[in-house]
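**Student:** Now for the letters of each chain:
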Amino acid sequence: MTANASPPLLEALDVSYTYSGLTPTRALEDLSLEVKENEFLAVLGPVGCGKTTLLRIFAGFLRPTKGSVRCAGSSIDGPGWQRGYVLQEQAIFPWMTVRENLEFGLLAKGVAPAARRAVSDQFLGLIGLSEFESAFPKELSTGMSKMVEVARVLATDPALLLLDEPFGALDAQTRARMQDALAGLWERRRKTVLFVTHDVEEALYLADRIVVLSPRPGKVKAHFAVDLPRPRSVETRFSTGFLAVKRKVWEATGPGP
Amino acid sequence: MARRSLLWILSLAALIVAYTLVARAISRPDVVPPAEDIAGAFAALLGRGHQLPASDMPAHHHHSSDQVDTLTQEGVTLQASLAVTTARVLFGLVVGLPLGMLMGLLMGWSRRADDYLHPIYVLIRSVPPLSLITYIMLWLGHSEAHRLIPVVYAVAVTAVIPTYHGVRDVAGKYVVAARSLGARGRLLLIKILLPAAAPAVLGGLRYSIAIAWMTAVGAEMLMAENGMGNLLVGGGMWSSRLQTRSDPAVIVVGILALAAAGWAMDMLARTVSARLTRWAT
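Sequences listed follow chains V and D, in order. Start counting the first sequence at 1; every next residue gets the next number (our numbering). Start counting the second sequence at 1; every next residue gets the next number (our numbering).
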């Protein structure tokens, strides 16, 4: 692999972010990180370490107080479909059918109905929801709604996927199923992914590389490469390699000095 | 369904019987008119009172009073009065709702617009709609304007807050998701903002309808020669109203008609809301 030679697709350079207000809150401080093309990077950190703030900066909804963020070489100013962002909250559009949700990004891009339909057909198949194409989201489980949100972003063919704890609200079993679904989706349509989570195992199972953030104000505390073979499965979760990295990450995420 | 309509009729009949018994027991026809008086006034106000062949009916069943006579002389009927008031209510809703929603949308969407508009809104919303009547008359004289403007105003002011909260508190995450998918401008407004705010706006619609009826009837009671408010105060303008003795049967008929009209419009609003937000429940 010549991954080291290629320039990063996404980079943050000395980024600080402070929420203004009566008691200003420093969410991020001098944070730098890079995501290479087609890399699956997990950002791991405790609740309230500024993970969501970081994603909102990459998505273009917040401007760093200090430092700079760049995507594909140019500075990020404002949101856009090239950086597909899946929110932590449920944000599937409840007034649209599953198919309309999947096609919304293409509609915004001005893609013709027939072409939109072809893409949504493909994603309905990929996430196994063909039977639910004309159902409203209220008929879906929380996990399936989240998969529609991920697929909805992928349907616009963005350069980059920003996922904010997409499976945080799910029970352990559904969560594992959704992780497999996401891993499957990713292996078939390689994309650069920045995945934010507070779950060590989830990060290990999905990512090529893990960045650990410190508690607020968030900055990079440690890096780990996850050199586990793909496709990953239940076997991966109990392999010695997995457990060895898990121990290292676990120690790094423990209470700091 | 048939069972339910039967229950409806039964409970209505029971209500009439109970009312008749209570009216007998109280025996104060000047404030609690007997049911047959109410029915008589109802018939008279529909314009049928004078058509009843007097010979077939016992004399006391032919309802006549000072107020009924005045109204009949002026050619006032219940259906025409209700039609006029309904028209004013609808005008208030059709003009007032977009105005109120636009203001709520602006305030909910832009923090800066909220900063400028909110204090003004709080100031104007405490002005009772009917207090505008005399001022509007100063500008426009005795016209339809001082019956319609208070209704428009009341509806608009009531529609602001539901829209504001719908946009500000509900739509936020959907707007973020949609903008990340590349949506802007009109697409964002029509496909995201309005549907996201719809349940709140439609919930507010029911309040707007109620307030429109209250304001329209109030404005008519004060300054109008037609509509339900005019019927309630006995027709004519101020000078003649003071000379007309109120007929309790007419007033009860008026109140019942207003209740029925309000109920019907609320039903309609609920049906339309349910249809528009089928996705939500």
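Don't read these hints as lab results, they were simulated from the structure. Where a beta carbon is used, it is the ideal one built from N, C-alpha and C, also for glycine. Careful, some of the hints might be misleading.
[What the hints assert, rightly or not] With a Cα cut of at most 30 Å, we get these calculated DSS-like pairs of lysine-lysine:
| # | chain 1 | residue 1 | chain 2 | residue 2 |
| --- | --- | --- | --- | --- |
| 1 | V | K191 | V | K66 |
| 2 | V | K246 | V | K191 |
| 3 | V | K221 | D | K191 |
| 4 | D | K191 | V | K36 |
[To be verified] Computed far set for chain V versus chain D, every beta-carbon distance over 10 Å:
| # | residue |
| --- | --- |
| 5 | S20 |
| 6 | E34 |
| 7 | D77 |
| 8 | G84 |
| 9 | L87 |
| 10 | K109 |
| 11 | K138 |
| 12 | S141 |
| 13 | R152 |
| 14 | T156 |
| 15 | L185 |
| 16 | A252 |
**Student:** Going through the numbered hints above, which ones does this structure break? Give me the numbers in ascending order.
**Tutor:** Structure breaks hints 3, 4, 8, 9, 10, 11, 13, 14.
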